[in-house]
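Chains as they are written, first to last, in our numbering: chain A, 1 to 116; chain B, 117 to 225.
Please keep in mind that the hints were generated in silico from the structure rather than gathered at the bench.
Heads up, some of the hints might be wrong.
Said to hold, decoys possible - Computed beta-carbon distance windows for the label pairs: (1) Leu68/A to Pro123/B: 33 to 39 Å; (2) Ser9/A to Thr129/B: 32 to 38 Å; (3) Thr129/B to Lys55/A: 46 to 52 Å; (4) Lys55/A to Lys184/B: 35 to 41 Å.
Said to hold, decoys possible - Stretch by stretch, here's where chain A covers chain B in the computed footprint (C-beta under 8 Å, at least three residues): (5) 153 to 163; (6) 206 to 218.
Every residue gets a Cβ at the ideal spot worked out from N, C-alpha and C, and that includes glycine.
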Amino acid sequence: GAVVSQHPSWVICKSGTSVKIECRSLDFQATTMFWYRQFPKQSLMLMATSNEGSKATYEQGVEKDKFLINHASLTLSTLTVTSAHPEDSSFYICSARFVSGPYEQYFGPGTRLTVT
Amino acid sequence: GQNIDQPTEMTATEGAIVQINCTYQTSGFNGLFWYQQHAGEAPTFLSYNVLDGLEEKGRFSSFLSRSKGYSYLLLKELQMKDSASYLCAVNAAGNKLTFGGGTRVLVKP
């Protein structure tokens, strides 16, 4: 149980275009989903917290107009990287937490974004 | 602010024991997690400590001392597949995870 999927697993896009990444909790309902970014050989940095039916809460330094987050249901959150630039190339990982239960987060497999 | 420190890298021999330390200073504390992450993959859950003491789970054990802001992850009977990064993360204010920089463990034959 507690499986989180992400799609796509990797994507290459041209500078200036937008990319959407989906995060789904497959076998549980998640009130809260989190989006992280990880650069090579670095740890995970929280970008935003996404709550179902409400606006996402962004961490300091993360541009909300560039990284659009939508959490339309208890099993789906999306991250759209708008007007992508090469410096946005990174490993994007989502996680989800049960509606009720422990604070443990279950991580998706990640999406490797490369902007050329 | 939040500050979580762990060593950058450790090397150990197959069959041996390695202890990865983690110290933290956070505003709020709702538990400490250890995750394993292989290169290019997402983190996988290893352990969760919210009370002081030792939690044992097979070859992996995790210890917490809240008064000292200290935790360690103990890996016993090391196997080659244990070569990975180990991430210490604190569930702090706002129920958000703050991660340490990760410790890369290299297991040698």
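Do the hints match the structure? See the list:
{"no.": "1", "hint": "Leu68/A to Pro123/B: 33 to 39 Å", "result": "holds (37 Å)"}
{"no.": "2", "hint": "Ser9/A to Thr129/B: 32 to 38 Å", "result": "holds (34 Å)"}
{"no.": "3", "hint": "Thr129/B to Lys55/A: 46 to 52 Å", "result": "holds (51 Å)"}
{"no.": "4", "hint": "Lys55/A to Lys184/B: 35 to 41 Å", "result": "holds (38 Å)"}
{"no.": "5", "hint": "153 to 163", "result": "holds (count 6)"}
{"no.": "6", "hint": "206 to 218", "result": "holds (count 10)"}
Hint check: no violations occur; every hint is consistent with the structure.
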